[in-house]
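Asks: So the chains spell out like this:
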Amino acid sequence: MNIVVCLKQVPGTTEVKINPETNTLIRQGIKNIINPFDSYALEEGVRLKEKFGGKVTAISMGPAQAVDMLKETISLGADEAVLLSDRAFAGADTWATAYTLAGAVRKMGQIDLIICGRQSTDGDTAQVGPEMAEMLGAAFTAYVCQIEEISAGQMRVKRMMDEGYEIIQSTLPAVITVTKEINIPRLPSLRGVMKSKSAKIPIWTLQDMGLDPKKVGLNGSFTRVVKIFTPQHDKKAEMIHGEPEIQVTCLLGKLREGGLA
Amino acid sequence: MAIKINPEKCTLCSICVNTCPFGALELKEDKIVVNDRCTLCGACQEACPSEAITLEETQKTAVSSEHKGVWVFAEQRDGKVKSVSLELLAKARELAAGLKTEVCAVCFGHGVQDLQQLITHGADKVFLVDSPDLSSNPEDYLTAQLSNLIQQYKPEIVLAGATALGRSFIPRVAAKVSCGLTADCTGLEIDIEKRQLLQTRPTFGGNIMATIICPSSRPQMATVRPRTFKKNAPDGGRQGQIIKLDFNKEGITAHSQLLKFVEDVSEKVKLDEADVIVAGGRGVGKTENFQLIAELAAALGAALGSSRPPVDEGWLPYSHQVGQTGKTVAPKLYIACGISGAVQHLAGMQTADTIVAINSDPSAPIFDIATYGLVGDLFKIVPLLTQQLKRE
Ligand SMILES: Cc1cc2nc3c(=O)[nH]c(=O)nc-3n(C[C@H](O)[C@H](O)[C@H](O)COP(=O)(O)OP(=O)(O)OC[C@H]3O[C@@H](n4cnc5c(N)ncnc54)[C@H](O)[C@@H]3O)c2cc1C
Ligand SMILES: Nc1ncnc2c1ncn2[C@@H]1O[C@H](COP(=O)(O)O)[C@@H](O)[C@H]1O
Numbered sequence: 001m002n003i004v005v006c007l008k009q010v011p012g013t014t015e016v017k018i019n020p021e022t023n024t025l026i027r028q029g030i031k032n033i034i035n036p037f038d039s040y041a042l043e044e045g046v047r048l049k050e051k052f053g054g055k056v057t058a059i060s061m062g063p064a065q066a067v068d069m070l071k072e073t074i075s076l077g078a079d080e081a082v083l084l085s086d087r088a089f090a091g092a093d094t095w096a097t098a099y100t101l102a103g104a105v106r107k108m109g110q111i112d113l114i115i116c117g118r119q120s121t122d123g124d125t126a127q128v129g130p131e132m133a134e135m136l137g138a139a140f141t142a143y144v145c146q147i148e149e150i151s152a153g154q155m156r157v158k159r160m161m162d163e164g165y166e167i168i169q170s171t172l173p174a175v176i177t178v179t180k181e182i183n184i185p186r187l188p189s190l191r192g193v194m195k196s197k198s199a200k201i202p203i204w205t206l207q208d209m210g211l212d213p214k215k216v217g218l219n220g221s222f223t224r225v226v227k228i229f230t231p232q233h234d235k236k237a238e239m240i241h242g243e244p245e246i247q248v249t250c251l252l253g254k255l256r257e258g259g260l261a
Numbered sequence: 262m263a264i265k266i267n268p269e270k271c272t273l274c275s276i277c278v279n280t281c282p283f284g285a286l287e288l289k290e291d292k293i294v295v296n297d298r299c300t301l302c303g304a305c306q307e308a309c310p311s312e313a314i315t316l317e318e319t320q321k322t323a324v325s326s327e328h329k330g331v332w333v334f335a336e337q338r339d340g341k342v343k344s345v346s347l348e349l350l351a352k353a354r355e356l357a358a359g360l361k362t363e364v365c366a367v368c369f370g371h372g373v374q375d376l377q378q379l380i381t382h383g384a385d386k387v388f389l390v391d392s393p394d395l396s397s398n399p400e401d402y403l404t405a406q407l408s409n410l411i412q413q414y415k416p417e418i419v420l421a422g423a424t425a426l427g428r429s430f431i432p433r434v435a436a437k438v439s440c441g442l443t444a445d446c447t448g449l450e451i452d453i454e455k456r457q458l459l460q461t462r463p464t465f466g467g468n469i470m471a472t473i474i475c476p477s478s479r480p481q482m483a484t485v486r487p488r489t490f491k492k493n494a495p496d497g498g499r500q501g502q503i504i505k506l507d508f509n510k511e512g513i514t515a516h517s518q519l520l521k522f523v524e525d526v527s528e529k530v531k532l533d534e535a536d537v538i539v540a541g542g543r544g545v546g547k548t549e550n551f552q553l554i555a556e557l558a559a560a561l562g563a564a565l566g567s568s569r570p571p572v573d574e575g576w577l578p579y580s581h582q583v584g585q586t587g588k589t590v591a592p593k594l595y596i597a598c599g600i601s602g603a604v605q606h607l608a609g610m611q612t613a614d615t616i617v618a619i620n621s622d623p624s625a626p627i628f629d630i631a632t633y634g635l636v637g638d639l640f641k642i643v644p645l646l647t648q649q650l651k652r653e
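From first to last, the protein sequence lines are chains A and D. Sequential numbering from 1 applies to the first sequence in our numbering. Sequential numbering from 262 applies to the second sequence in our numbering.
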């Protein structure tokens, strides 16, 4: 099986805070990590390869520093990794990101399965996977929490929906996005770490992939961020003090006044 | 478009470097450089005290004026229209009033009940595609069908619920019709002059809000979480038209097929429709203790919610999780027991009308957004509450 896993480098904490006095972001001490959901995608790719044979290639679109993250994917079991990086990719929204990732997949030839994380923790859109699937004309299934079977060009998966779960059968090639219930990612192996140290991570540019410069990066993005601000909480709780019995009686009184209990 | 930094005005104060939410600006020796992470959001321009930063617009692509109408994807399950679609119709009315255009609901399914409610809740037209092939929401068909309708009728705006289904197939539609799409919006407004939809959404796990536009593509597409907007009271006097369209599956490749659906039955009261929710967090400690929370919920006729740790620990199924990666709820009353109030949790419940927080730590951030705060041990307070409620 030829598997591609898409990973994004994100700020290493979602506790990105804003300094209330200057209204600026506090960036100190935040380092970049693999998007947590993408670790599950990588692990699942590696497990499938171990079961069915084949190859796992990790890809990421991002600035040059994402090479470090891609080396890490080698230590976690990826066979190869490719960085898609070009000045022209800067400022990409989900559409342009999906277009670029799809371009890389096409360049690789015969791919059976593309695994994405459920969503990224910074962009948080969960759109890149389904957009890429459509661009590749591949089957798409979101929120996969278990791969039940793969055989004869078909796969059967379990996926989580709002009201319960579904069993879906689909053709290959397919794009799936995975949830954290799907597996428990392994730690890097010693052999993997050695391998990752010497691994060469090729960098593919716009030209390498033969992409349309009007469809990548900011040029290819249909959306524009026009404003960024911090959500304000101006409520402050009315504190109810006293012994638990008193707190409870007082609370129930207030709720009853409001017709809530 | 590009960012220009005027070296003559720049004092290297680095306020822009710290302001940039994407880490796109760096101070390198004697100048500020912009790296690939820049999304041209303009935060640096606003922050610069020396007016050294400008955003240069390249020529704008004109937007066709052919596109008209605000559409709402009316999602159904088992023939019932979802509440989020009615909420979106209310918002669509507001947007359409600004744009002086009409509101259309688009509904795919088989034998969908009470289509009239789409009209009484705000639609001027309902496009209905009725076919047994559509009853279980096969996403390949939905993608093709909605894309076709968009290409044929050219709406100006398309809204859909950010449900599991919406988040899964709407991006495919956006890819197919080559349009911008904004996920999980919490605010929608219209810039009437430019006929632009201002889409506000949380990013960075709810720490930051971003307002996004689609300047050059139509339709402007957005998904919105359930319970973000309020539905209108049904207006029986509203007139509207139901237009039936044929479903033609020839030429659509169905890659996927639903074999089985298993409903999560541990949810007695549906979270996203509940008026009262009692939720427990890590402070509840273990599976067995959730019984206390469940008893209080039962005494109030409430749904049972949870922060993420109890779900991660396997104390409760995922369907109970409230927050950024769980459900968004907006009940009349939300009682949070042993929940600290992390932004990712607040993202899913902060619009509740009344929030009661029970927490032993007086500095827990949940008290910043709660209506009533009780500092104390949930193992004492919660059973007492249940008792008093039962006594009545
Ligand atoms: C990408 C991402 C997505 C996320 N999505 C979600 C999401 O959808 N929903 C979500 O909830 N979280 C989400 N989180 C996790 C979130 O950041 C917090 O970790 C989580 O909400 C904390 O849950 P908690 O408040 O139950 O636990 P804690 O933060 O550990 O708080 C437990 C609280 O219980 C109190 N307590 C302990 N014992 C008692 C007692 N006996 N009586 C009273 N109070 C007591 C403590 O004082 C404490 O305040 C997400 C995180 C990430 C990174
Ligand atoms: N720049 C990127 N490079 C590689 N994969 C990405 C990139 N952006 C998003 N993805 C993939 O798409 C998923 C969803 O991302 P998002 O749409 O940003 O929430 C992620 O979990 C990744 O698997």
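Where hints are given, some of them may not hold.
Below, simulated EDC-like cross-link-like pairs (lysine to aspartate or glutamate); rule was C-alpha separation at most 16 Å, straight line [what the hints assert, rightly or not]:
#1 A/227 x D/307
#2 A/254 x D/573
#3 D/521 x A/163
#4 A/227 x D/385
#5 A/227 x D/450
#6 A/180 x D/574
#7 A/31 x D/573
#8 D/341 x A/245
#9 A/236 x D/574
#10 D/521 x A/148
#11 A/158 x D/614
#12 D/521 x A/162
#13 D/521 x A/149
#14 D/531 x A/86
#15 D/593 x A/257
#16 D/341 x A/149
#17 A/180 x D/629
#18 D/651 x A/245
#19 D/641 x A/245
#20 D/531 x A/163
#21 A/158 x D/450
#22 A/236 x D/307
In short, the hints are calculated from the structure, not lab data.
Asks: Please go over all the hints and tell whether each is borne out by the structure.
Replies: Here is what the structure says about each hint:
1. A/227 x D/307: It holds: about 10 Å lies between the C-alpha atoms, which stays within 16 Å.
2. A/254 x D/573: violated (34 Å)
3. D/521 x A/163: holds (13 Å)
4. A/227 x D/385: violated (33 Å)
5. A/227 x D/450: holds (14 Å)
6. A/180 x D/574: Holds, at about 12 Å.
7. A/31 x D/573: violated (25 Å)
8. D/341 x A/245: violated (44 Å)
9. A/236 x D/574: violated (31 Å)
10. D/521 x A/148: holds (13 Å)
11. A/158 x D/614: violated (36 Å)
12. D/521 x A/162: holds (15 Å)
13. D/521 x A/149: Within the cut-off at roughly 15 Å; holds.
14. D/531 x A/86: Measuring from Cα to Cα gives roughly 47 Å; hence the hint is violated.
15. D/593 x A/257: Distance of about 14 Å is within 16 Å: holds.
16. D/341 x A/149: violated (33 Å)
17. A/180 x D/629: violated (30 Å)
18. D/651 x A/245: The given pair, whose Cα atoms are some 15 Å apart, holds under the 16 Å limit.
19. D/641 x A/245: holds (9 Å)
20. D/531 x A/163: Since the Cα atoms of residue 531 of chain D and residue 163 of chain A sit roughly 9 Å apart, the hinted pair holds (cutoff 16 Å).
21. A/158 x D/450: violated (38 Å)
22. A/236 x D/307: Violated, because 30 Å separates the two Cα atoms, which is more than 16 Å.
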